[in-house]
Amino acid sequence: MKFRLKVNGQARDLEGPEDLPLLWALRDGLDLKGTKFGCGIAQCGACTVLIDGVARRSCVTPVAAVGSAAITTIEGLSREGTHPLQRAWEELDVPQCGFCQTGQIMSAAALLSRTPHPTDAEIDAAMGGNLCRCATYLRIRRAIHRAAELGKTNAASATGSGR
Amino acid sequence: MSELSRRAFLRASAVAGGGLLLSSSWEPLEAAEPSGAAGRARDPALSAFVRIHPDGTVTIAAKNPEIGQGVKTMLPMLIADELDVEWKRVQVEQVPLDTTRFKDQWAGGSTATPINWLPMRQVGAAARSMLVTAAAQKWKVPADECQTSKGKVLHKKTGRALSYGALATAAAAVPPPELASLKLKDPSEFTIIGTPVPGVDNHAIVTGKPIFGIDVTVPGMRHATFVKCPVFAGKVKSANLDEIRAMPGVFKAFVVEGGTDLQGLLGGVAIVADSVWQALTARRALKVIWDEGATASQGTTVFDARAAELAKQPPHKSLRSDGDARAALTKAAKVVTAEYAYPFLAHAPLEPQNCTARYDAGKLEIWAPTQTPQDGRELVARTLGLQEEVITIHLIRAGGGFGRRLYNDSMVEAAWIARQAGVPVKLLWTREDDFQHDLYRPGGYHFFSAGLDAGGTLTSFRDHFVTFGTTEKFAASAAMSETEFPARFVPNVALEASVMPLGVPTGALRAPRSNAICFAFQSFLDELAHAAGKDPLEFRRALLSRPPLQAAPPAGGAPAPGLDPERMLGVLELVAQKSDWGKQRLPRGTGMGVAFYFSHRGHFAEVARLAVSEKGELRVEKIWVAADIGSTIVNPSMAENQVQGAVLDGLSEALGQEITIERGRTVQSNFNDYPLLDIHQSVPVEVHFRKTSFPPTGLGEPALPPVIPAVCNAIFAATGKRVRSLPLSKHDLSWS
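Sequence order for the protein chains is A and B.
In this text, residue positions in the first sequence follow the numbering used here: the first is 1, and each later residue adds one.
In this text, residue positions in the second sequence follow the numbering used here: the first is 1, and each later residue adds one.
In case anyone wonders, no lab produced these hints; they're calculated from the structure.
Note that CB positions come from ideal geometry on N, CA and C, so glycine has one too.
A couple of the hints might just be wrong.
[Claimed, not checked] Computed cross-link-like contacts, DSSO-like style, restricted to lysine-lysine with a CA-CA straight-line distance of at most 27 Å:
| id | chain 1 | residue 1 | chain 2 | residue 2 |
| --- | --- | --- | --- | --- |
| 1 | B | 252 | B | 88 |
| 2 | B | 152 | B | 183 |
| 3 | B | 578 | B | 615 |
| 4 | A | 2 | B | 185 |
| 5 | B | 88 | B | 331 |
| 6 | B | 152 | A | 6 |
[As the list claims (entries may be wrong)] Label-pair distances were calculated between CB atoms; the ranges are:
| id | chain 1 | residue 1 | chain 2 | residue 2 | range |
| --- | --- | --- | --- | --- | --- |
| 7 | B | 588 | A | 121 | 24 to 34 Å |
| 8 | B | 217 | A | 121 | 34 to 44 Å |
| 9 | B | 362 | A | 115 | 30 to 40 Å |
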């Protein structure tokens, strides 16, 4: 099948079987490797992307079901890698191995877009499906608060919904 | 001991007492040659590690595998500080496996800091010395009149200064100095060591750059999946390969015979396709008839039953005997007995096992997220019948290690499949492969008995440890140290072991052995404290305050292992103080527990505070950590991150993790039946370092073990229920 996807603000064409998960369309088809494979059954969150601004697990989202919805991956979150979440993540030195962090950041981006100043409980509720095997959760929580602060002084949209 | 663990042990033994160092055969400066050094190739190299660019920026080689422990940042920090450059002028470059130039290039045992603390500083100091010599020659002044600061050589008398960039070409011609002759900085002069330095790959990580093994792409590459027998080391009898070969995108499908080494290449079916999804789709249609082999008769319930039988029989072997533990037990005023057990565990790094390989014209090139590239090269050479010289290994950032990537099974599989398929392949395991073909932390059973005198002093201690392996050789990571505390601090001690055979692969999981044995020993010690009517922290303090028996030095002249009571008392005092131990009146259902442990050269004491509802719902509230890893915390930011991560990792293991085996296969298959701790359960972890005069040691592992018994001991304090097996999810903690 042929698909036309709207990824990070651009129309992208690719071919694949009907059941092709968005994860593999992004990684293999479009060479967007920032979205990670961790479990394949929506249990770890490493493959999180935004679809029309909502955090989705791309490993269980068939590309055929996406239609014309706007997909944002980590590569499209900001032009220069300066989204408040990315800045906060660097400032607080969040990563250990780093493998889950793009998925964490995408879930956090969806959270901040609807809740610009979340409480700890709101953070935990939004981030509960994103596993970090290194358990950097304490810094993730702090970094989301920090990004909320940075976002106050930064007019940049919290979703960066596709460029 | 396997070849891998034996060598790892020898390496670790060499540093166990802090008496490490470069073997005389390795002189990193002699290995300097422009083609081998890091960075823009035409700029001057001062050694294999350091290249100085005309603009004064510096490229420093990162030699060890980065698995999330921060070593790619930490080792270059050591070099940069002694080189005396500003960190913002440093670019770090991962170098491939080249043990001639870079010597030890592996990640394991929390060894990078103790092994490299002096040599990497010497590498930096040597480059600095060459720059100083070059400046002194230019100015015709004695070198000892020159100083350095922030990437410049200064001659204060004459007010002259030259940047490293301007001196680099001349410095590259200076003969490298004797490493031993170099004067290193006094710690008060450090400008980078001891400051929080963010990970050098952080920007690439948060922007989704393709830096992990799973992201590697090489021209003409195809995607492989490898289906092994669900029963460990089973073989393929037959498979519907013709049907698979006809599926869309499938390039090759073939049987790999495989061997019997559980850490090596096992039998299975390889499918090589144009895309990952085509490979996985074909895999779903694959039908294999297996020869399951002998391990099909093994399982968790079989092990449990056998352990109970063995406990009633005389132990197979003695690990340690001081005094007469059995006789002393008969004379004790009070005897306490208890049985402890813990399950098999998986590593489950979030990046599934993967490796990319290209075999072309007799040469093999490998891109691997591995902890042990050198062992991997040996395994691949041995299995494929190649000379090591034809194998190149690129060290690729790994999405977590935890000991899983000490074993290079995915590397040897990728190499084999690439050669047979005749195209470059990236082999990617599914999460199910990762869970069902791990080298697990082995389960184990401890049958304790101990005697207290009328005053509540511990006089005898016995453990009959039932574990896996043969009487000649324990299974990997299934052994116990003969210095296990309270051995050496009690006059009558018997540490004994019995074994049962195991066909399930086992291996080192973060803080191997310690992550299990600490739970059993520090929980049972807590029972003894309560039986003695003493505060659990006081009871431990009293034990540590006894004059220890000298630990028997192991063969080979290595320093005797075992904890240093003064250092352990130091962290115990610190954690007591920080957690307000014994000073709070806690409501019923709330409790505090303490535990300590010595592993990987680190002394750690930890306290947990938690609440258990009457219905039995556990809510951990806070963990305090006091650590002694020596004089210097090289990178305080990653240090805190590692300790917090290790503690939460231990909590994650204790709360709900268990691998069970049925008919020789692993039951669990993904994160839905093997829960990882999530952000909801991430409680505050307060970290305190007690700096002592000892050389700095590593942090990847030693923070993990004590949290598990600290939590279990706190559960007892809160509820009166003693947890003697893991995970906690299998226990009813309700109380009334």
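- Query: Can you list which hints this structure breaks, lowest number first?
  - Reply: 1, 3, 4, 5, 6 and 9
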